[in-house]
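Residue numbers (my numbering), protein chains in the order written: chain A, 5 to 281; chain B, 5 to 281.
Take the hints with a grain of salt, since some may be wrong.
Where chains are identical, the list cannot tell them apart; a pair therefore holds if satisfied intra-copy or between any two copies.
[Stated by the list, open to error] Calculated lysine-lysine pairs in the DSSO-like style (CA-CA distance at most 30 Å, straight line): (1) K79 x K199; (2) K169 x K82; (3) K42 x K186; (4) K53 x K82; (5) K186 x K6.
Hints were generated in silico from the structure; no laboratory data involved. What you are looking at is a predicted structure, and each value in this text was computed from that prediction instead of being measured.
Number of protein chains: 2
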Amino acid sequence: MKKLKRSARLVEMTHYLLTRPHALISLTAFAERYQSAKSSISEDLAIIKEVFEDEGIGDLNTLAGAAGGVRFIPKYRKDRALEKMAGVCRELEQPERLLPGGYLYMTDLLGEPRLMQEVGRMFASAFFDRNIDIIMTVETKGIPLAYAAAQFLNLPVVVVRRDHKVTEGSAVSINYVSGSTKRIQTMSLTRRALKEESRVLIIDDFMKAGGTIQGMVDLLHEFRAVVAGVGVFVESGEVDNEERLLHDYISLARLTEVDLRTRHITVQPGNYFYDSK
Amino acid sequence: MKKLKRSARLVEMTHYLLTRPHALISLTAFAERYQSAKSSISEDLAIIKEVFEDEGIGDLNTLAGAAGGVRFIPKYRKDRALEKMAGVCRELEQPERLLPGGYLYMTDLLGEPRLMQEVGRMFASAFFDRNIDIIMTVETKGIPLAYAAAQFLNLPVVVVRRDHKVTEGSAVSINYVSGSTKRIQTMSLTRRALKEESRVLIIDDFMKAGGTIQGMVDLLHEFRAVVAGVGVFVESGEVDNEERLLHDYISLARLTEVDLRTRHITVQPGNYFYDSK
């Protein structure tokens, strides 16, 4: 790379850091990349850090010493996340979203990459300190959420399949009972997709009683892996606590009321914004 | 937003532009955001433009006049994309990827968000001028590729399902014949997911004879929508031209040889890097 002026270097460094979240970059690497003294690089990083933190883009953590460097941790300020999710809740309350059986149509929202990025950054902000190795979801609608969170956490993704495909190689399958419909279903995960004793973050788009997520937890046991966190985009609040299979999770929105007759839907921000955990 | 010095403003503007690809941002909006004169904003943009173009991050197109502004078009320099894909091809050639039936295990690569981002930027670079309204893929493994391309093209994504789900509302289903296995399969798409006469970019992870993609094309006809482009991550070169159902597509890699006995696999960069289209 050719030697840049400070102004150009700030632009390039900002791009470099934003595309490498959670990666430790040594001052030496930056000094070589920009053919500049470490003292100049440190000054640049101080400017970037201030903007990132003031604007709620994330933290820039500096590690001192010979093995030192800098690490960009994407964040989403909770007050701004709440503001964003309040808008999403209003959209989810549109009566035309109501489907037969009391389900809510949200495929269009899950198809908006910019919204997925925002939600991914919220999950990244909620789970950044959980020491996670890999993110897991089940096909199909949780996939964009899992990848968006993974992008900001710099982690790989593994997708649990509803059926076993030849293109996945040998797999472990389990049966589980869907909490709300009480039907027995199957899910499977490729053997080579998950290392033993991994710490796993489970992400999904919707949770009712939690049967599907409990199925993923059971599947993880087969791999001797550990649940490091559970995050759902929307949870149904129409489940009483006894019926709920899972209690330790973060939700970004909560469907509190669906009236099939009047087509009135109420969606509120999820427990992430209210619980003290 | 508080008034920033030029150095801090450059950092903030870089982040602002990078997270809003293909959006037209007026100079007035920037001038108000940063409480700065348009002349200062123009100077900042000139610096950012030079870095983005020199480093192959993308183009910054300036539109003059009253309705003018600036638009960030993410790009991937073809020589660098080829270098990246050559490395991916070496990874795909590892003998342990060979599965029964001559399939190739690539779930791990598709689970790496950073690689998906790179591939998404390649697709965005290949299709940025096709006047696309929406990106379509079929579950499951094409989904991260479609979202990554969508992120850089600032477009929504629609996912074709293998079966019809209650959470999707009313849908159009078609039967199609898988080109390689000759089996009849079903795919369906929610009615409300696609506007009539949309221009659609089809993205998928793997193409053999092209039966699945041809199925998506047929499905689009039901919506009176138009195919604006087809992009696949890996195509199988083990199909002769007569057997191939689809001819106008871009591939990033090409599986040219699979020897089940010696477990020798050959993968080369795809037609994107060689064809003159």
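Results for each hint:
no.	hint	in the structure
1	K79 x K199	within (28 Å within a copy, 35 Å between copies)
2	K169 x K82	neither (40 Å within a copy, 34 Å between copies)
3	K42 x K186	neither (61 Å within a copy, 62 Å between copies)
4	K53 x K82	within (19 Å within a copy, 33 Å between copies)
5	K186 x K6	neither (63 Å within a copy, 54 Å between copies)
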